[in-house]
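> Listed below are the residues making up each chain.
There are 2 protein chains.
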Amino acid sequence: MLTIAVDAMGGDNAPACVVEGTVQALQESSNRFEIVLIGQAEKVEPLLAAQDTASLNLRFMHAPEVVTMDDIPATAVKAKQDSSLVKGLQLCKAKEAHAFVSAGNTGAQMAASLFVLGRLPGVLRPTIYAYFPRIQEGLTNIVDVGANVDCKPENLVQFAEMLTIYQRYAAGIDKPLVGLLNIGEEENKGPEILKQTYRLLQEADRKGKISFIGNIEGHDILKGHATIVVCDGLVGNTVLKFGESIPEFLGMLFKQSLEKLVASGQMDQNSAKITTAMFKGMFEPFDVERFGGVPFLGVDGISIVGHGRSSSRAIKNMIYMAEHMIEKRVNEHIAEVLAED
Amino acid sequence: MLTIAVDAMGGDNAPACVVEGTVQALQESSNRFEIVLIGQAEKVEPLLAAQDTASLNLRFMHAPEVVTMDDIPATAVKAKQDSSLVKGLQLCKAKEAHAFVSAGNTGAQMAASLFVLGRLPGVLRPTIYAYFPRIQEGLTNIVDVGANVDCKPENLVQFAEMLTIYQRYAAGIDKPLVGLLNIGEEENKGPEILKQTYRLLQEADRKGKISFIGNIEGHDILKGHATIVVCDGLVGNTVLKFGESIPEFLGMLFKQSLEKLVASGQMDQNSAKITTAMFKGMFEPFDVERFGGVPFLGVDGISIVGHGRSSSRAIKNMIYMAEHMIEKRVNEHIAEVLAED
Chain A
1 MLTIAVDAMG GDNAPACVVE GTVQALQESS NRFEIVLIGQ AEKVEPLLAA QDTASLNLRF
61 MHAPEVVTMD DIPATAVKAK QDSSLVKGLQ LCKAKEAHAF VSAGNTGAQM AASLFVLGRL
121 PGVLRPTIYA YFPRIQEGLT NIVDVGANVD CKPENLVQFA EMLTIYQRYA AGIDKPLVGL
181 LNIGEEENKG PEILKQTYRL LQEADRKGKI SFIGNIEGHD ILKGHATIVV CDGLVGNTVL
241 KFGESIPEFL GMLFKQSLEK LVASGQMDQN SAKITTAMFK GMFEPFDVER FGGVPFLGVD
301 GISIVGHGRS SSRAIKNMIY MAEHMIEKRV NEHIAEVLAE D
Chain B
1 MLTIAVDAMG GDNAPACVVE GTVQALQESS NRFEIVLIGQ AEKVEPLLAA QDTASLNLRF
61 MHAPEVVTMD DIPATAVKAK QDSSLVKGLQ LCKAKEAHAF VSAGNTGAQM AASLFVLGRL
121 PGVLRPTIYA YFPRIQEGLT NIVDVGANVD CKPENLVQFA EMLTIYQRYA AGIDKPLVGL
181 LNIGEEENKG PEILKQTYRL LQEADRKGKI SFIGNIEGHD ILKGHATIVV CDGLVGNTVL
241 KFGESIPEFL GMLFKQSLEK LVASGQMDQN SAKITTAMFK GMFEPFDVER FGGVPFLGVD
301 GISIVGHGRS SSRAIKNMIY MAEHMIEKRV NEHIAEVLAE D
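Line by line, the protein sequences give chains A and B.
For the first sequence, counting from 1, position 337 maps to 337 in this note's numbering; every step adds exactly one.
For the second sequence, counting from 1, position 35 maps to 35 in this note's numbering; every step adds exactly one.
Worth flagging that the hints you see were computed from the coordinates, not collected in a lab.
Just so we're clear, the structure is a prediction, and the values are computed from it rather than from any experiment.
Do not rely on the hints blindly, as some may be mistaken.
You can't tell identical chains apart in this list, so a pair holds if it fits in one copy or across any two.
[Said to hold, decoys possible] Restricting the straight-line Cα-Cα distance to at most 27 angstroms, the calculated cross-link-like pairs of lysine-lysine (DSSO-like) are:
1. 195 <-> 78
2. 78 <-> 189
3. 195 <-> 255
4. 43 <-> 260
5. 223 <-> 260
6. 175 <-> 152
Model the full structure from these sequences, guided by the hints.
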C-alpha cells in the first residue's frame, strides 16, 4: 500500500483544513492509501479527536517545529530539523513514505526537498510549473515559475523534457506541445539565451523527447497553442503573479459598473444578483484547487506544493495527485529520459 | 508654429483613418500646428479631396513606397528610402518637422528612428514603454516592452530615468515611483542582473533622478504601487501581450456564461443586453486610444508609434501627444539629466 506524508502545518488554513482534507481523501477513496499526518500534537490531535478516524488508514506523527511563511527558505531546513516539513521529506528519503504533500512555504519546501531528497540522476536543476486556463480545452502549463532564475539553455530544455514526461504519464496527454516564450515567433528573435535554447529544443524534438512548436508570445498563453510554455523563472513568475491578480482587478471594475447600473435604475437588484453570480462563475477555469498543487520536477522523490490559501478540497486533491504520480512512475520516466543525453 | 509629420500609410486602417484623424486634429485645435501628411498620392489625395481641407494647415507630401507590417525592421529603412516612414523621419532630421507620428510597423519605426535621428547624447539604448490600467488612479507604465532584450543594468536604469522625465514633464506626474519588476520584494532576490540594477537604481534615487521604491512583483502591476515598472524587454513584452489577450479571453467566457443564463430562462434578452454593454464598458480603462501611442524614448527627435489598429481618434490623440512632447521639451530634459552621469 502507498503511504503519503501530509504536512498538517502548511498553509494559511492549517492545520484545520489539512486535517479535513486528509480525512476526506481517505473516506472518499475508501482507504486506498495510508496517510501519515505530521504536525504539532497540541494543535492537530484535538482536530483529529473531533473526527471519526478510527476506521481510517491514518497515522499521526508529532513534529514540534513549524516552518512558517516568514521563514527564509535557504536556512529553514537546517534551523528547523524538527518541523513537519523536514520530517515529512525525511520519511520519503527513508522510503517510509512514497510522497510528501504541503501547502506551506513554497521556497522552503523547494529548498528542503532538494536538500533532503536530492536530485534525480541527470537533473541539473529541479523546477516548478503552474497551469493557466486557456480557450482550447485543457490547460497551459508554464515552466519555470520562480524556482530558477538566470537559467541556462540546458536548464530550460530539461524543464521542457521533465514537464513533457509529467504531462504524458500523469496528465495523460499523449503529445504535449512545447513552446518557447519569446518576444516574437521567428527563430532569430529575442535574447541570446533563447536563441540557443531554440536550437536545443529542436534537437530534443528530433530525439523524440519533446514536441517543439517554436517560439510563442505572451498572447498565446491563454489561446493555448502550447501545452507547455518554457521560460526563465523571472518571466514565468511575473506572468503567473500578474495573471493571479486579474480576477481581483476585474472584480473591482465589475462591482463599480454594476453599482452604477443599479443606482441609475437600469438594472434591478435581482438581475444584479444573477449577473454577479454569473461573473463569479466565469472564473471557474481559474480554479486552482481542481488539482490542488504541483509537484517539484526533478527531485529524487515526490514533493507536492500547494497554494498557501489551500482549502480542504485542495489538500484532498493534492493527495490524489501524489498517489497518481507514484502510480504512473513519473520520476522513473524522468530519470530514464534524462539519462539518454 | 510647430510642424508635425504624419505617416498616412501606417496602420491597418491607413490611409483613411489617418486622413480623418489629421483633419480632426487640425479642425479641433483650430490649426494650432501644421501637419505634413506623407503617403502615396494615388491613395491619399482622393481622400483629402473628399474633405474640406482648404482652411487647414495641411500639406501633402508624396512618398511612393510603403513599409508594411511584413517588412523586416532592420532592412526596411535601407530598402525603402522613399517610404512615408523614412521621409517623415528625414523631415524631422532636417528640422523641417518637429515630430513624426505613425501607426505602422513598430519594429521598423524603431529601427528607422534610430538610424535617421540617432540617439540623444548619453543614451545607451532608446526604449519603448506601454501603459497598463490600475486600481489606483492613473496608469502603470512598463519599460521596456520589447525594443531591448539582453539589457544590462545601466540600460534598465536609463529606461527608468528617461521615463521618469517623460512622466514628470509630459504627463505632469511630479514624482513618478519606480519599481523594479522581480520575483520577490527583497533586495537580494532574482537574477544577478537585477541585483546590480537594484543598487544602481538606489544610486539614481540618491542623486534625485528617480524615486525608487524597490522590487515589485507581477501582482503589483495592476495594483499600481509603482508609476514606472522597469524590466527587460522580454519580460515587459510578455506581460504586455499577455495583458492584451485578456479582454478577448474573458469576453469568450462571458459570452458563454450569458448564453447559458438566457437559454435556461434565468435572464431575459433585455437584461442580457444591458449586462453585455456593462461588460464591454468595464474595459474602458484598457482603452489604448486615449493617448493614441507612445514615444520612443532616447532618440534625438520625436517619433511616436501607435497601435496598428489605431482609429482616427487614436491618430488625432497621437498628434496632440507629439505637440505636447515638443512643447514640454522632454528630449532636452532627458539629455540634461543623462549628461549628469
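> Does each hint fit the structure? Answer for all of them.
Hint check:
1. For the identical chains of this complex, residue 195 and residue 78 are inter-copy neighbours only, at 26 angstroms across copies versus 39 angstroms inside a copy, given an alpha-carbon limit of 27 angstroms.
2. Proximity of residue 78 to residue 189 under the C-alpha cut-off of 27 angstroms is restricted to the inter-copy arrangement: shortest distance 20 angstroms between copies versus 43 angstroms within a copy.
3. In this assembly of identical chains, residue 195 and residue 255 lie within 27 angstroms of each other by CA distance neither inside one copy nor across copies; the values are 45 angstroms within and 39 angstroms between.
4. Taking the shortest Cα distances, residue 43 and residue 260 never come within 27 angstroms of each other, neither inside one copy (47 angstroms) nor across copies (46 angstroms).
5. In this assembly of identical chains, the alpha carbons of residue 223 and residue 260 lie at most 27 angstroms apart only when taken from different copies (22 angstroms versus 32 angstroms within one copy).
6. In this assembly of identical chains, residue 175 and residue 152 lie within 27 angstroms of each other by CA distance solely inside one copy; the values are 25 angstroms within and 38 angstroms between copies.
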